[in-house]
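Participant: One-letter residues, chain by chain:
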Amino acid sequence: MSEEMRVVAGRVRAAQAGTGGFLRALLAVVWKDLAAELRSRELISAMLVFALLVILIFNFALELDPRTRSTVTSGVLWVTFAFAGTLGLNRSMAIEKDRGCLDGLLLAPVDRSAIYFGKAIGNLVFMLMVEAIVLPVYTVLYSVNLFHPGLILVIFLGSIGYTAIGTLLASMAVHTRTRDILLPILLFPVAIPVLIAAVKASAGFLEAIPLEEIMPWLNLIIAYDVIFIAVAFMVFDFIVEE
Amino acid sequence: MEPKPRFLTILDSISAVLFVVALGMVFFYAPTERVMGAVQRVFYFHVATAWVGMLGFMAAGVAGVAYLLSSDRKWDTVSLAAVEISLVFFFVTIIMGSIWARPAWGTWWTWEPRLTTAAIVELIYAAYLMLRQGIEDPDRRARFGAVYTILGFISVPATFLSIRLYRTIHPTVFGVSSPEAEGEFSMTPPMLQTLIFSVLTFSVIFASLLWHRIRLGRLAEKVEQLRLKIAH
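Those sequence lines, one after another, are chains A and B. For the first sequence, my numbering gives the first residue as 1, with consecutive numbering after it. For the second sequence, my numbering gives the first residue as 1, with consecutive numbering after it.
By construction, these hints were calculated from the structure, which means they are not laboratory data. Worth double-checking, as some hints may not be accurate.
[Unchecked claim] Facing chain B, a subset of chain A residues (Cβ under 8 Å, in silico):
| # | residue |
| --- | --- |
| 1 | E63 |
| 2 | P66 |
| 3 | L182 |
| 4 | N219 |
| 5 | L220 |
| 6 | Y224 |
| 7 | I229 |
[As the list claims (entries may be wrong)] What the simulated footprint calls covered on chain A by chain B, stretch by stretch (three residues with Cβ under 8 Å from a Cβ of chain B suffice, anywhere in the stretch; the number is not a length):
| # | stretch |
| --- | --- |
| 8 | 135-144 |
| 9 | 196-208 |
| 10 | 233-241 |
Since this is a predicted model, take the numbers as computed values, not measurements. For every residue, glycine included, the Cβ atom is placed at its ideal position computed from N, Cα and C.
Bound-form chain A, shown alone (with noise of 0.2 Å):
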């Protein structure tokens, strides 16, 4: 056992003891990864560069003049939160494994939940940095303005039900022979319904659409959450058993 696990273990350990155990070793699962990223920098710059290169992609791939931007926006962007996203996913999961820190955690005597929720909110918080640099980044360069209060929320509630599904396929991924090519091959599928309401009421946003048309889109996505979170929530425990 290496000496950061060791850290780790015995902090997780001490979070369960005493009251509201469960919410402190989540926060001590999150508040790890969030502290292993601030020294090392590893997942955000790699996320954020790759972002930034598929929009530069779409760019020439789409030719996006002002006439084809209004209507591609949503697209492009959540095409690259997706493909950014995963890119993190896939991380995240593989340094525990690698460095047996997976293991770690396991032996930790709380919910497994607990680790499942924690390493959620883990990577819902690195995809949400990577959108909160890319939204001014592309507000800049096109010159359309993303900053609406609807456009954030959708952001936010899409990348909750992204990241909770995705967490979750990427702990399967991880223990398979072709871990880094699987993810996306296993997540894409399962994760279309979120996509395609989180890109169609985004669409909504930027183009003013009356709220009442956006809402069954809105709709589609808190209720992906809630069922992906409540199934990950059921399975995780026979995803991490030996």
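Assemble chain B onto chain A, guided by the hints.
Facilitator: Frame of chain A; chain B shown alone:
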């Protein structure tokens, strides 16, 4: 090796006979549709394979839940068998649909809810097979497979709903079609009888194939165990 059960042989013969009868009904008993002509005859097997394929995916999800609850590997074999057969059935559905769509809609393919959902369903279960392929430990393979069939089966209705929010041109032969639907027709009693018979036929074929595939799965498991025994 266990011998082939007698009832399975009987089931095979029943499937073969039913299939020939269904084919005969499609071509000689059901009347030719007035507007679309002979190509409408694709409809009977198209609906039958789609229906049975969907039930098969549902069965795979249920078997997945059963596996997670019981940790009995037999459910994993059932789940895998159902997914494999349903994948083929669904593929047949899509091909037959395309054959019909070409004259009826003037295109082989269109991004319409049912078609898109069918394509995504195929991708989900292809991913399922790839996931299984990448895992060596049989217990883990079974657990992950079970989880993925459950996730897949939950996401399919959501996918359909999300695409349904667009308009559809797929005809709804049962229930109310959308006003944009193209290629609609109303069924005469012989048509309905042919359809019901086709669905029955494909259900029997599915059951017989499933049984074969489960036997094959059990044999494969035995081979794996023997191989492990030799290796040790």
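Participant: All hints, please: hold or fail.
Facilitator: Here is what the structure says about each hint:
A hinted interface residue such as E63 of chain A counts as satisfied when its beta carbon comes closer than 8 Å to some beta carbon of chain B; here the least separation is about 22 Å, so the hint is violated. The criterion of a C-beta within 8 Å of any C-beta in chain B is not met by P66 of chain A, whose closest approach is roughly 26 Å, and the hint is violated. Checking L182 of chain A against chain B: minimum C-beta separation of about 6 Å stays under 8 Å; hint holds. Interface hint status for N219 of chain A: violated, as the beta-carbon distance to the closest one in chain B is roughly 10 Å, over 8 Å.
For L220 of chain A, the interface hint holds, since its Cβ comes within 8 Å of a Cβ in chain B; the closest pair sits about 6 Å apart. With its C-beta approaching chain B no nearer than about 6 Å, Y224 of chain A sits inside the 8 Å limit, and its interface hint holds. For I229 of chain A, the interface hint is violated, since its Cβ never comes within 8 Å of a Cβ in chain B; the closest pair sits about 12 Å apart. With 0 residues carrying a beta carbon less than 8 Å from a beta carbon of chain B, the stretch 135-144 of chain A misses the three-residue requirement, and the given coverage is violated.
By the rule of at least three residues with a Cβ nearer than 8 Å to a Cβ of chain B, the coverage given for the stretch 196-208 of chain A holds, with 3 such residues. With 4 residues carrying a beta carbon less than 8 Å from a beta carbon of chain B, the stretch 233-241 of chain A meets the three-residue requirement, and the given coverage holds.
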